[in-house]
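Participant: All chains, please: the whole structure from these sequences, using the hints.
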Amino acid sequence: MEAKKTNKKRSMWGDVLKRLAKNRMAVLGGIIVVSLILIAICADFICDYEDEAIFQNVKIRLEGPSAEHILGTDEFGRDMFARIVHGSRISLLVGFFATMLAMVCGLILGSSAGYFGGKVDMIIMRVLDVFMAIPQLLLAITLVAAFGTSIGCLMIALGVSSVPSFSRMLRSQVITVKDQEFIEAARAIGAKDSHIITTHIIPNSLSPVIVQVSMRMASCILSISSLSFIGLGISPPTPEWGSMLSGGRMYLRDAQHITLYPGLAIMITILAFNLLGDGLRDALDPKLKR
Amino acid sequence: MYKYIFKRLIMLIPVIIGVTFLVYFILDFAPGDPVAIILGIEATEEAIQEVRKELGLDKPFIIQYLNYMAKLCRGDLGKSWAKSRDVMGEIITAFPPTITLTFWGMLVAVSLALPIGIISAVYQYSIFDNVLMVCALLGISMPSFWLGLLLILTFALNLGWVPSGGVGSWKSFILPSISLGTSSMATITRLTRSSMLEVIRADYIRTAKAKGVNQKTVILKHALRNALIPVVTMIGMQIGGMLGGSVLTETVFSIPGCGRLLVDGIKQKDTPMILGCLIVTTIIFSVVNLFVDILYAFIDPRIKAEYK
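Read top to bottom, the protein sequences are chains A and B. Residues 1 to 290 (this note's numbering) make up the first sequence, in order. Residues 291 to 598 (this note's numbering) make up the second sequence, in order.
Worth flagging that the hints you see were computed from the coordinates, not collected in a lab. Nothing false has been slipped in among the hints.
If you anchor each label on the Cβ, the simulated ranges turn out as follows: (1) B:Tyr355 - A:Lys119: 24 to 34 angstroms; (2) B:Asp493 - A:Ile46: 48 to 58 angstroms; (3) A:Gly77 - B:Asp366: 44 to 54 angstroms; (4) A:Asp51 - B:Ser401: 46 to 56 angstroms; (5) B:Gly456 - A:Glu75: 20 to 30 angstroms.
Covered by chain B, according to a simulated footprint, are these stretches of chain A (three or more residues, beta-carbon under 8 angstroms): (6) 132 to 144; (7) 226 to 234; (8) 250 to 259; (9) 269 to 276.
C-beta: ideal position from N, C-alpha, C; glycine also.
Facilitator: Below is the structure:
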């Protein structure tokens, strides 16, 4: 019985992976995402944090790309390449934890609203309406203003501001799933609500969640660099793409590389997660199954 | 119809109350003692107590909130701690640039996104479609502030066609509008395309084609009106994104708008200013969404019929 179950599961995800592998854009996105994660993990082996990403040497400030500094140096003479490599850590870390927080809260709120309906649904949705009424970036800014700009606070701020969209999507998904026959069957044999939600409803509503996670990673990474850019996120000297861009603004005319490369890094990262998300959506869409 | 509008108006009230409460509640945790900010560090204990009383900070949270709301209803947002000026006055002077920016940004986005989305859907998988969809993907992935800086570099610093910032003339709004509008344009284009594709495959479109209605009428009358429904929702949501995103655009182009006011307020720990900016922005956003919902009724006769 147990073996059969895992077999079946594997074939479903195997199917999805097969379809994903056929989509060239999605594969490209996936490769970039995996490389970014590897870069973030191995950052210390690629360039030394203290010596290259933090240590200031004004003698070589604002130098263009050369053999020694392949992306040039910034306004304090720090190696741009090292800072961009180390910057990937913050973006991915904050993006990941913020998305996970939003996903867990969204799963709990969305599935209970959708499953129980009635009063529970009404209360949860009205509260979320209030959160939705504040533009997402402004909500994140509000939370940062109140709780500070440490990495933990940023994760919470970005996570909380993403909860409403996750919950809404899950709720509508759960509503379509919960009226299907196998749920009725589960209820008929006396399964508890918590059991039905965790073993039947959530697994069957998961495909849009997976897509949303990929897209949300993209938007959280964008938000973190946006916050840092306006000086409300990660503060210097910690290497972060948004704050690097904001530092480079002053030297736009003479040293364009300081502005160019961190922005490129942000764009490639977001593009990769979007490509992966698009690909996942197509791969998980049962209508496109052959 | 009027019943529908009325119902939506009534529903707006709890949302606005909820939003003000939420923002007030969150900012209650904001660090920094207002009295210390106003009086400086060397204030005497007596003076501190006096100012606390004057600001109503000695009362419990809920009373403070109710007082704030009572004043808000009269259009009074309190006094700024950092500038000792009326918050409402500051916001009124800062709002026109933000609204102008959002308006032009939205106009740029919608006027390009709808035609591109429709044409892409009609000629699916053509070169035109492929190229534009790659552009749209780049558009949603590009940080608006980075795009803004690149635009300044190219068109203001290198070519010298337009000013790099400020609110001098209409010319100075060109780059900010493009920078603010691009990501919304890309999002709306993608949605228009996918929504059109879904509708084009519907049975009634095939029927219309079969009975010999010409292509243009089928696309613009039969398909577009149905495809627009999700697009209109997205446009409403994008306006919120733009009101938030204007914080970034205003920073890049040094526009003295509401976004700048908010960021400065946060840096100076000026809670009444932060509160005022956020509350005014969210109220505007809610009202805009109300309009979007009313617009729905015009596009989708099913809603109108429900409230006959």
